[in-house]
Amino acid sequence: MSEVKRYNIRMAGIGGQGVVTASHIVSNGVVISGGFSSLVPFFGSEKRNAPVESYVRISNSTIYEIGEIIFPNVLMIFHPSVITLGKSYTMPFYTGLKQKGIILINSKKPIPFTRDEQRELEEKEARIYYLPATEMANDLAKTDLATNMGMCGAISGIFGLPDPESLAASVKDRFVGKGIVVSGGTAALDSAIEKKFAKKQKLLEANQKVLDASIQYAIDQGWSEAEKPAKATA
Amino acid sequence: MANVKGSSVCRTATDEGKPADWVPGGEKQTVVDPMKMFHELPREKLFITGSEAARESMRRANIDIAIAYPITPQSESMQQAGYLYDEGYIKEYYRAEEEIGTFSAISGASRAGVRSLTATSGPGLMRGMEAISSWPGARTPIIMLNMCRVINTPLAIQPDNIEMSFMLNTGILLLHAENQQDFYDYPLAAIMASEQVDVTLPAVVSVDGFFCTHARGPVEVTPEEYKLPPRDGWRSAVPAMDNENPPARISRDAPIQKSNFISYHMHSSWQQEVFAAVERSAKYFDKYLGGLIEVVNPDAEDFIIASGCAVSQAREAVRQEGEQGRTVGLVKVKSIRPFPTEQILDAVKGAKRILVPEFNQAGWLHKELCAVLYGRCNAVIKDGPRVFGGMTMPTEMVLEWLAEFRKEVK
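From first to last, the protein sequence lines stand for chains A and B. Each residue of the first sequence is one higher than the one before, starting from 1 at the first, in the working numbering. Each residue of the second sequence is one higher than the one before, starting from 1001 at the first, in the working numbering.
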């Protein structure tokens, strides 16, 4: 049997950024690709700008554990204020991070850590990657709502899991949905869904651009850990 | 059941605002033998949340009526039940006024002889406890899904399964689902066991809220064109009651309510019979679930005994111990009532140390185990680790406790 590989990801961001959505997309993408995954969102009152956490387990074999991830080896920080303003359920944000863990931060420039934070991150030998996900989303999808796509793409670029094709399929699952088949609906309902679908098709294209760009970004930065580095496009 | 028009047909297409040729989903399904459904039908693997797993279970359960009052984390499942009602897989469904109303009404539905489902969480369970504890004596087969949640102040919506301890001595059948898969399988098994003539009791399937209900995991489901056989109201330890023609009796047997020598005897024998029926249900669960317990590494000296989500954490601990070359055994207790005393005793007869991790403060499973293992097993039983109030139990914690235990008990 091959060695068990396990990525335990803790995602932190602020309400409205699509953190929980991103966890569904990554997790579902891994399952589509034939891997094993489970996800659990943090349970609290959901409101815009409030801290949000979500947890994804990825593996090449069966996953038994449930619940929040206390000792992650990957952190995804969707917004700098998680760190700078302490908008997080987990303080400091790297609590529980395993030795040599990866921290992917959505920020154009490096975050000025406090002296204690800097020291502890060095002790943990944390690898800190900065991804300008919001800028990518604004440039390519013309909306910062696609920031989460940038974060998902980078994960694919780093681990090769989910692979870009499965990730794209997962995004499609999420936004178009397997349940699009109209059941016993009226003609009016049909046309309403068709209209929505046309919009969603555009949404998918915009999202895909951000995914492709961030996968490529991760590869260009030399972050890839996959045995076979992902190709940039699905 | 009759609708307002007095028709014996519950729902017509016109009533529901559906096209004239609408056929309720349930009527398109084929009844299948429960054993075939549980063990033989092909299964499709889905990647869904626990609430969605509950929906798929309800879809195949041939439910006549569902009544519930929303409470987190149960509400997501019962919202899904609303879709099933719309699609015609559940014949009647309504939101009751609150939990005492919910659990009283569902009891009436069951007495009328139809398959009845309800669901609740933590504080809702506590609110309805008076009605719930009246179910077993009334011999009402009811299926209740119980998505566990903190019950004590300060108020919290987080997972914690202390509420299960309140049901242990009611005469209710109580299963504890480990994951999304169990939350699909167990309700179906519980329904069939609860409706057996020599059982005729309510059944509860508890699951640790959020960790299962709101998290996604793999679930293997049987084809949706098959459903369980319907409940036969007449196949029952007591007759179904006619609730529509007055006078409808509130009590099963009026003389029991009197205070005299005969009534005390009647009441005590009635209670004995309820708890005997709980034990009689074991053979059905054994058949339907493939055993009341599951044992991993039966020859181990170190054992973990757990139920619910704690089993999942223990499985990962067992795997990681295995990587270090240490064999740790695991007993998953699927059924809390009936409690599988003899099966557990047999599984741990060679054990030296038994660890009991739990997601509650009181350690009710530890107490249950000590009560039945005392004097009959040589192992040292350690109570912990325990997490509560919504905490997760990291595998690392189970591993630490195991290491400590090995130092304490050589």
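Bear in mind the hints are in silico, worked out from the structure with no lab data behind them. There's no promise every hint is true.
To be verified - Only pairs whose alpha carbons sit at most 27 Å apart, straight line, appear in this in silico BS3-like list of lysine-lysine: (1) B:Lys1045 x A:Lys5; (2) B:Lys1045 x A:Lys172; (3) A:Lys5 x A:Lys87; (4) A:Lys100 x A:Lys47; (5) A:Lys209 x A:Lys199; (6) A:Lys142 x A:Lys87; (7) A:Lys98 x B:Lys1407.
Structure-based check of each hint:
Between the alpha carbons of Lys1045 (chain B) and Lys5 (chain A) the distance comes to roughly 22 Å, so the proposed pair stays at or under 27 Å and holds. Between Lys1045 (chain B) and Lys172 (chain A) the CA atoms are separated by roughly 19 Å; this keeps the pair inside 27 Å, and the hint holds. Distance check on the hinted pair: Lys5 (chain A) and Lys87 (chain A) sit about 31 Å apart at the alpha-carbon level, beyond 27 Å; violated. For the suggested pair Lys100 (chain A) and Lys47 (chain A), the alpha carbons sit about 33 Å apart, so the restraint of at most 27 Å is broken.
Between Lys209 (chain A) and Lys199 (chain A) the alpha-carbon distance is near 16 Å, which keeps this suggested pair within the 27 Å criterion. Distance check on the hinted pair: Lys142 (chain A) and Lys87 (chain A) sit about 26 Å apart at the alpha-carbon level, within 27 Å; holds. Proximity of Lys98 (chain A) to Lys1407 (chain B) is assessed by CA-CA distance (about 26 Å); at most 27 Å being required, the pair is judged to hold.
Comparing the model with each earlier hint shows violations of hints 3 and 4; every other hint is respected.
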